[in-house]
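Student: Numbering (my numbering), first residue to last: 1 to 361.
Rather than coming from a laboratory, the hints here were simulated on the basis of the structure. Heads up, a few of these hints could be off.
Said to hold, decoys possible - Calculated lysine to any residue pairs in the SDA-like style (CA-CA distance at most 25 Å, straight line): (1) Lys-227 to Glu-303; (2) Lys-244 to Ser-316; (3) Lys-256 to Thr-99; (4) Lys-19 to Asp-62; (5) Lys-256 to Phe-314; (6) Lys-187 to Glu-112; (7) Lys-132 to Glu-156; (8) Lys-19 to Leu-54; (9) Lys-132 to Thr-99; (10) Lys-250 to Met-320; (11) Lys-256 to Glu-112.
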Amino acid sequence: MITLTEVVKIYPDGTTAVKDLSFKVDDGEFCVLIGPSGCGKSTTLRMINRLTPLTSGQIFIDGEEISGYRPEILRRRIGYSIQTVGLFPHMTVAQNIATVPRLLKWENGRTEKRLDDLLELLNLDPGIYRQKYPRQLSGGEAQRVGVARALAADPEILLMDEPFGAIDPITRQTLQTEFARIQRELKKTIVFVTHDIDEAIRLASRIVILRDGRLVQHDTPENIMTKPADRFVSDFIGTDRALKRLSRLKVTNHLKNALSIKDTALVRDALPLTDRHGYVWVVDRENRVQGWLSHCAASSPGETVAQSMNRIDFRSCSVMTDSTLIEALSRMIQQGNRSAPVVDSRGTLLGEIRLSDILEA
1 MITLTEVVKI YPDGTTAVKD LSFKVDDGEF CVLIGPSGCG KSTTLRMINR
51 LTPLTSGQIF IDGEEISGYR PEILRRRIGY SIQTVGLFPH MTVAQNIATV
101 PRLLKWENGR TEKRLDDLLE LLNLDPGIYR QKYPRQLSGG EAQRVGVARA
151 LAADPEILLM DEPFGAIDPI TRQTLQTEFA RIQRELKKTI VFVTHDIDEA
201 IRLASRIVIL RDGRLVQHDT PENIMTKPAD RFVSDFIGTD RALKRLSRLK
251 VTNHLKNALS IKDTALVRDA LPLTDRHGYV WVVDRENRVQ GWLSHCAASS
301 PGETVAQSMN RIDFRSCSVM TDSTLIEALS RMIQQGNRSA PVVDSRGTLL
351 GEIRLSDILE A
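Based on the sequences and whatever the hints tell you, model everything.
Tutor: Now the structure itself:
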């Protein structure tokens with residue numbers, strides 16, 4: 001899809017930002033450019049859509065050199081999202097998102113449907129957000145609208161320059177999760193710039209590590225963590241790369257069956273289960289997690305399980321099938337347990353993930 005061949009960028013003051021850079025981004029790939037400040041990652045991104053001209057070398061999209069495109073035609077084909085969002089302050093959310101479809105002279109009905117579909121995809125209620133202005137949005141909402149605008153004309157390629165870099169960590173993690181979901185659904189070809197190695201590992205299918213404008217390693221996140229090209233890459237990833245790898249692994253691949261009992265049952269009915277396993281998950285009649293009963297707590301056989309159990313809020317104590325193993329480990333540490341229930345959005349018990357499974361992974 002995108003090929004860079006011996007690309008060089010030298011600015012008029014003599015600064016060489018990019019040196020003989022060559023790599024390929026395949027169709028549907030999520031490629032993250034990362035490296036220290038000043039390594040040339042943002043410059044490389046801007047050269048792909050000709051916002052910054054090349055000094056030498058070639059960039060191809062679908063086998064055609066980008067110099068063969070008129071810049072405005074090329075940019076309408078490529079979505080572009082930046083850290084500062086860049087929404088037009090005098091336009092509503094709907095008008096901002098519709099900018100490129102209007103330039104492409106889409107029919108009104110097609111544009112309106114695309115607007116609603118994108119807002120819903122990004123968890124923004126069209127009935128609430130269509131008529132809002134950028135000044136009325138939170139930082140996270142503005143970033144969502146910026147991504148929606150970049151996706152509005154359904155581009156094949158999406159360029160993103162630290163799009164989540166200026167927002168708080170909690171909102172940033174939420175946006176990363178949502179964007180990973182969106183990419184699984186849309187399968188766009190994405191080139192994404194970040195300075196955050198955790199973000200790169202979490203989102204990328206391939207990572208390009210740059211240093212002083214040169215490519216140091218271009219590989220999968222797994223290979224970069226297990227086989228760093230040199231000491232620079234190893235130091236850049238950090239000594240906790242075994243933990244970082246857990247952010248690439250999903251709970252669904254390590255899901256185990258969970259023993260459970262209804263909260264209306266008597267403790268004596270739970271004893272065979274707690275004898276065998278040490279604990280049992282407690283669910284209501286709709287199989288939603290209510291808590292857990294340990295063997296130690298099962299000291300009053302005549303009481304109901306609900307009276308003796310450790311009650312929990314499933315939203316803060318459980319994980320979902322698409323959660324990562326690092327999220328599951330965090331839940332266990334918070335609760336001081338060696339396992340965590342795996343639930344759906346309603347809290348229905350689907351299974352469990354155990355500390356031993358994470359250590360094995």
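Student: Next step is simple, just say for each hint if it's right about the structure.
Tutor: Hints, verified against the model:
A distance of roughly 56 Å separates the Cα atoms of Lys-227 and Glu-303; the hinted pair therefore is violated under the 25 Å criterion. Between the alpha carbons of Lys-244 and Ser-316 the distance comes to roughly 22 Å, so the proposed pair stays at or under 25 Å and holds. Proposed proximity of Lys-256 and Thr-99 is contradicted: the alpha carbons are some 48 Å apart, above 25 Å. Annotation: proposed proximity of Lys-19 to Asp-62 holds, straight-line Cα distance about 23 Å (limit 25 Å).
For the hint pairing Lys-256 with Phe-314, the CA-to-CA distance comes to about 18 Å; that is within 25 Å, so the pair holds. With a C-alpha separation of about 22 Å, the suggested pairing of Lys-187 with Glu-112 holds against the 25 Å cut-off. Between the alpha carbons of Lys-132 and Glu-156 the distance comes to roughly 28 Å, so the proposed pair goes past 25 Å and is violated. Distance restraint check for Lys-19 and Leu-54: the Cα-Cα separation of roughly 11 Å lies within the 25 Å cut-off, and the hinted pair is therefore satisfied.
Taken as a hint, the Lys-132 and Thr-99 pair is honoured in the structure, with Cα atoms around 16 Å apart against an allowance of 25 Å. Under the criterion of a C-alpha separation no larger than 25 Å, the hint pairing Lys-250 with Met-320 is consistent with the structure, at around 9 Å. Only pairs whose Cα atoms come within 25 Å are accepted, and Lys-256 paired with Glu-112 is rejected, the gap being roughly 45 Å.
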